[in-house]
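Asks: Each chain, written out:
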Amino acid sequence: MVSRSLKYFGSFLSLVGNPLRSHRPAIVSSTKIHFTAIHSSSLRKSDVKEELVASDQSQQVQTTSSDVAVEESSPMNEFFEPKENWTKGEIVVGRSWRKDDLRLKSNSDLHKLWYVLLKERNMLLTMAEIYKFNFMPAPERIYKVEESMKNLEDVVRERNRAYFELETGETGERRCKYELTRIGLWRLHKMEQHTIPKRLNKKWLEKYPQFIEDDEQVEEFLTLFKEKLLRKKNHQKVQDKIYVQELMRRFPNVDRKFLQEKYPDLDIEKISQSRAAEGPHIR
Amino acid sequence: MSTRWYPLYQRGNPQLRVFLPNFWMKVIKPKEEIPPNMVHFHVSNEMTEYDVRNYLTKIYKLPVVAVRVEMKNGETVKTQQGDIIKEDDYKEAHVTMEKGFKFSFPEIDTRPGYDIFKKSSEQTKKTMDDLEKKYRYRPGLPTWFEQ
Chain A
1 MVSRSLKYFG SFLSLVGNPL RSHRPAIVSS TKIHFTAIHS SSLRKSDVKE ELVASDQSQQ
61 VQTTSSDVAV EESSPMNEFF EPKENWTKGE IVVGRSWRKD DLRLKSNSDL HKLWYVLLKE
121 RNMLLTMAEI YKFNFMPAPE RIYKVEESMK NLEDVVRERN RAYFELETGE TGERRCKYEL
181 TRIGLWRLHK MEQHTIPKRL NKKWLEKYPQ FIEDDEQVEE FLTLFKEKLL RKKNHQKVQD
241 KIYVQELMRR FPNVDRKFLQ EKYPDLDIEK ISQSRAAEGP HIR
Chain B
1 MSTRWYPLYQ RGNPQLRVFL PNFWMKVIKP KEEIPPNMVH FHVSNEMTEY DVRNYLTKIY
61 KLPVVAVRVE MKNGETVKTQ QGDIIKEDDY KEAHVTMEKG FKFSFPEIDT RPGYDIFKKS
121 SEQTKKTMDD LEKKYRYRPG LPTWFEQ
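Residue numbers (full-length UniProt numbering), protein chains in the order written: chain A, 1 to 283; chain B, 1 to 147.
Hints are not guaranteed to be accurate.
Below are the DMTMM-like pairs computed for lysine to aspartate or glutamate, each with C-alpha atoms no more than 20 Å apart in a straight line [claimed, not checked]:
#1 K133(B) to E122(B)
#2 K31(B) to E92(B)
#3 K26(B) to E146(A)
#4 K61(B) to E147(A)
#5 K241(A) to D267(A)
#6 K112(A) to D154(A)
#7 K118(B) to E147(A)
#8 K31(B) to E90(A)
#9 K119(A) to D51(B)
#10 K26(B) to D109(B)
#11 K132(A) to E107(B)
#12 K132(A) to D109(B)
#13 K233(A) to D267(A)
#14 K132(A) to D51(B)
#15 K29(B) to E129(A)
#16 K26(B) to E46(B)
#17 K119(A) to E46(B)
#18 K119(A) to E147(A)
#19 K88(A) to E107(B)
If you're looking for bench data, these hints aren't it; they were derived computationally from the structure.
Since this is a predicted model, take the numbers as computed values, not measurements.
In isolation and in its complexed conformation, chain A is listed as follows:
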């Protein structure tokens, strides 16, 4: 788990705009940073840090900035990076929190960690705003924090679901159902709680008209829509046929079974016997 290489955020980095780091993964020194769980750059409070250290994290976190916090203990400093890092061109940080790490933690620990991550993200967003038209040092931290926040939420959701299934027999998730819209198409509706039931709410019904059975306009629309879909499907079928013919012309020994699996709508044997699939080779 630990020896796996760092997550590489290169594809998203162009949005932040750092050409320096966009084409290479985060720099990792030999042993130290493999074990750091998250961005040591902004963990100011040592008491929080000790609790949140990962279980296999026997080695020390690389950098801490306790001096700055002692000198100026204004809570506004948490919105900015520690003063040591203001002049640094490169900042080295560890990996994000994975689900396997977070599953080991208790609920209260996760709750604390969420606020650490939230503050870290706010700090990074302010710094990104300052470096808006220039290069931000280590912009991948933003993605790392967001990834670990997402993982944390998933773990909390897992526990929630387990509890609800045990107690009530349902997942505690938001309920969904498929519903017919006014024009006759199905959509996934995420259900919500209301003080007035939907069918009794006249104002709402005026604003959002519901599906009516045996409506001429709907039927006309649906026939045209189905025709459109069918045309699209047939066109795709013809395109596939041409592609398969071309393949057979170029490579006469191509695997027929594989092609049949890939294009189940086509009759591959019939195509192979056709004139168009015949190449310059002697039959």
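Following the hints, position chain B against chain A.
Replies: Showing chain B alone in chain A's frame:
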């Protein structure tokens, strides 16, 4: 889970609580001169004044006195491709703290990594020049010949 789905509150029910808030706030440099006990923020668009106040007092332990939020239009800008686009709208919060509170936006070097960038770009340019020199058009010469 403040911006996620939330059950309906009816009178008499226990108070709804947010356990994992996912709002963001960032400090911005004020455009005009403001008193030292005021701070300007950019916040999530869903946040209300009460949200901002609770966020700052509960999470950051800041002595908030008054909050004012307003929605701002995103600017219409011209991209490099020549398309005119509108940037996203954003919410700005003007927060006043207690009288003794002092905060001034720190002056931070906006390009600390510029030297490294310059060095690497110089190096890439040098290697490209070398390659161009090596493989320049010289008809008649064999490929193994080096000058």
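Asks: Look at each hint and say if it fits the structure.
Replies: Now for the hints, and whether the structure bears them out:
no., hint, result
1, K133(B) to E122(B), "holds (17 Å)"
2, K31(B) to E92(B), "holds (12 Å)"
3, K26(B) to E146(A), "holds (15 Å)"
4, K61(B) to E147(A), "violated (26 Å)"
5, K241(A) to D267(A), "holds (9 Å)"
6, K112(A) to D154(A), "holds (16 Å)"
7, K118(B) to E147(A), "violated (31 Å)"
8, K31(B) to E90(A), "violated (29 Å)"
9, K119(A) to D51(B), "holds (16 Å)"
10, K26(B) to D109(B), "holds (18 Å)"
11, K132(A) to E107(B), "holds (14 Å)"
12, K132(A) to D109(B), "holds (12 Å)"
13, K233(A) to D267(A), "holds (16 Å)"
14, K132(A) to D51(B), "violated (27 Å)"
15, K29(B) to E129(A), "holds (9 Å)"
16, K26(B) to E46(B), "holds (14 Å)"
17, K119(A) to E46(B), "holds (18 Å)"
18, K119(A) to E147(A), "holds (15 Å)"
19, K88(A) to E107(B), "holds (15 Å)"
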